[in-house]
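A.B. asks: Could you slot chains B, C and D onto chain A? The hints should help.
Protein chains in written order, with this note's numbering: chain A, 54 to 189; chain B, 54 to 189; chain C, 54 to 189; chain D, 54 to 189.
Hints were generated in silico from the structure; no laboratory data involved. There's no promise every hint is true.
[What the hints assert, rightly or not] Quick list of in silico lysine-lysine cross-link-like pairs, DSSO-like style, CA-CA up to 27 Å:
#	chain 1	residue 1	chain 2	residue 2
1	A	Lys141	D	Lys156
2	B	Lys156	C	Lys141
3	A	Lys156	D	Lys174
4	C	Lys141	B	Lys141
5	A	Lys174	D	Lys156
6	C	Lys156	B	Lys174
Listed here are the chains, written in short residue letters.
Protein chains: 4
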Amino acid sequence: MDMLNVAQTVLDSQPFSRLLGTVIHSISAEGITLELVLRNDMLQQNGFAHGGVISYLIDNALTFAGGGVLGANVLTSEYKISYVRPAKGERLQARAVVLHSGKRQAVVRCDAFIITADSEKLCATALGTIVSVPDV
Amino acid sequence: MDMLNVAQTVLDSQPFSRLLGTVIHSISAEGITLELVLRNDMLQQNGFAHGGVISYLIDNALTFAGGGVLGANVLTSEYKISYVRPAKGERLQARAVVLHSGKRQAVVRCDAFIITADSEKLCATALGTIVSVPDV
Amino acid sequence: MDMLNVAQTVLDSQPFSRLLGTVIHSISAEGITLELVLRNDMLQQNGFAHGGVISYLIDNALTFAGGGVLGANVLTSEYKISYVRPAKGERLQARAVVLHSGKRQAVVRCDAFIITADSEKLCATALGTIVSVPDV
Amino acid sequence: MDMLNVAQTVLDSQPFSRLLGTVIHSISAEGITLELVLRNDMLQQNGFAHGGVISYLIDNALTFAGGGVLGANVLTSEYKISYVRPAKGERLQARAVVLHSGKRQAVVRCDAFIITADSEKLCATALGTIVSVPDV
Chain A
54 MDMLNVAQTV LDSQPFSRLL GTVIHSISAE GITLELVLRN DMLQQNGFAH GGVISYLIDN
114 ALTFAGGGVL GANVLTSEYK ISYVRPAKGE RLQARAVVLH SGKRQAVVRC DAFIITADSE
174 KLCATALGTI VSVPDV
Chain B
54 MDMLNVAQTV LDSQPFSRLL GTVIHSISAE GITLELVLRN DMLQQNGFAH GGVISYLIDN
114 ALTFAGGGVL GANVLTSEYK ISYVRPAKGE RLQARAVVLH SGKRQAVVRC DAFIITADSE
174 KLCATALGTI VSVPDV
Chain C
54 MDMLNVAQTV LDSQPFSRLL GTVIHSISAE GITLELVLRN DMLQQNGFAH GGVISYLIDN
114 ALTFAGGGVL GANVLTSEYK ISYVRPAKGE RLQARAVVLH SGKRQAVVRC DAFIITADSE
174 KLCATALGTI VSVPDV
Chain D
54 MDMLNVAQTV LDSQPFSRLL GTVIHSISAE GITLELVLRN DMLQQNGFAH GGVISYLIDN
114 ALTFAGGGVL GANVLTSEYK ISYVRPAKGE RLQARAVVLH SGKRQAVVRC DAFIITADSE
174 KLCATALGTI VSVPDV
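The following block holds chain A by itself, in its conformation from the complex:
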């Protein structure tokens, strides 16, 4: 089974990802881009994407990117996220790239963009650690 199929199978088996409608936009050995269409029920009180939705998408992208180098059985050990701009737009993308990987953990960077018909803007950036499951 190729990398995309593995990632798609894991994503399909996450009820929370199905609730939010996350899709795999692109995937490679170096990283992954996850995307979701922002619905009204994903917003906060000012009409922006809720930080929890952005965190979710980044967390998931971090894990999947780590899984690309460590194997499918991984989890996010930790991450740090900085929000840089309120996210108002049609779609949200989280683009994760592996910075370094060892035998049992990978350090992954992820940027989240808010996308409209004619623009895309950075709304958050994150740095996290993914570990092989038996290693925690």
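C.D. replies: Leaving out everything else, chains B, C and D in the frame of chain A:
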């Protein structure tokens, strides 16, 4: 309007929080505890609470705790979360406590617990910065 | 060799810790407190302890606390630090406590205090991950 | 006074930076690179650069990069650092780049490299927030 009413009003105006069914468990000048009942559509592929759900609840608790000292018009600037244990149980609680606050930002700690009928266990811990909105 | 002797031996073998004069203030199974006397050559441009000195002491305390549960052969995988107050005083203490430990990693919290003859104040707080060396 | 002179003046007025011998390698509107020659008294017990030295250099580079967009009177509010590789070599460089800046805070990324005569390797990466001093 007292502190609980302010927080409840903001929470009620967050569509994403309504989607997940978040409630205010308790609130004081020092912090806040948010809670949600884990539904099947909040899980990941192994039957645990999705990290994104835990992140969401922590993010929201951090913001609300910061708002308790800085005023209602705040947002989460950034946070770091460490997952320490898979979260399997009935309810999820995020307990946020303000460690330090200045005029324009507060540093807040938040622990997330997974709760069953007869136990509660730490599943994640976080540290974040909340800022007054005009200050970013 | 008991816990204190192990920690003292490691500390003595760190040239950078000898340069700064770090001492072990106290140690237990749950954590460790490291301390240093602030010298003029540890300050920044406004006369406060340089953030790098605080970071160093926290980083070291995190590692030593993790070593207390994982064994002496550990390293700091990552940490996040929030500075909450400029540090002006005689001594700096970093108090690290293990929040959770598994077979191969520990999550550790550390608070740094600036201490004078009659007061102590929180100047920074941190959250980090310590890993066994063969596991990275 | 131009940007380099401002930065050099601040660096010269930091006793801890003089102790470690930090120099400005390059500077621009987008960021800064700080460098130091690793001396024996900057190592840890295994002969690598002490994490505290790497943290110091990253912390300082984050602050200086933030100062480039926010003005000289800034401080590091917080940062997260992930160590990816033991640092053994002649020189250490911290390269900081501003990702986003508002009126009162900037989000800055910083990578640290260990450099020998014929190679350079990433040894740590960080993400932090710099704030204007009156704003904390």
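A.B. asks: For each hint, tell me whether it holds in the structure or not.
C.D. replies: To see whether the hints hold, each was checked on the structure:
Distance check on the hinted pair: A:Lys141 and D:Lys156 sit about 20 Å apart at the alpha-carbon level, within 27 Å; holds. About 20 Å separates the Cα atoms of B:Lys156 and C:Lys141, which keeps this hinted pair within 27 Å; it holds. A threshold of 27 Å between alpha carbons decides the hint, and for A:Lys156 with D:Lys174 the separation of about 18 Å falls inside it, so the pair holds. Between C:Lys141 and B:Lys141 the alpha-carbon distance is near 45 Å, which puts this suggested pair outside the 27 Å criterion.
At most 27 Å may separate the alpha-carbon atoms for a hinted pair to count; A:Lys174 and D:Lys156 meet this at roughly 18 Å. Distance restraint check for C:Lys156 and B:Lys174: the Cα-Cα separation of roughly 18 Å lies within the 27 Å cut-off, and the hinted pair is therefore satisfied.
Of the numbered hints given earlier, the model fails hint 4 alone.
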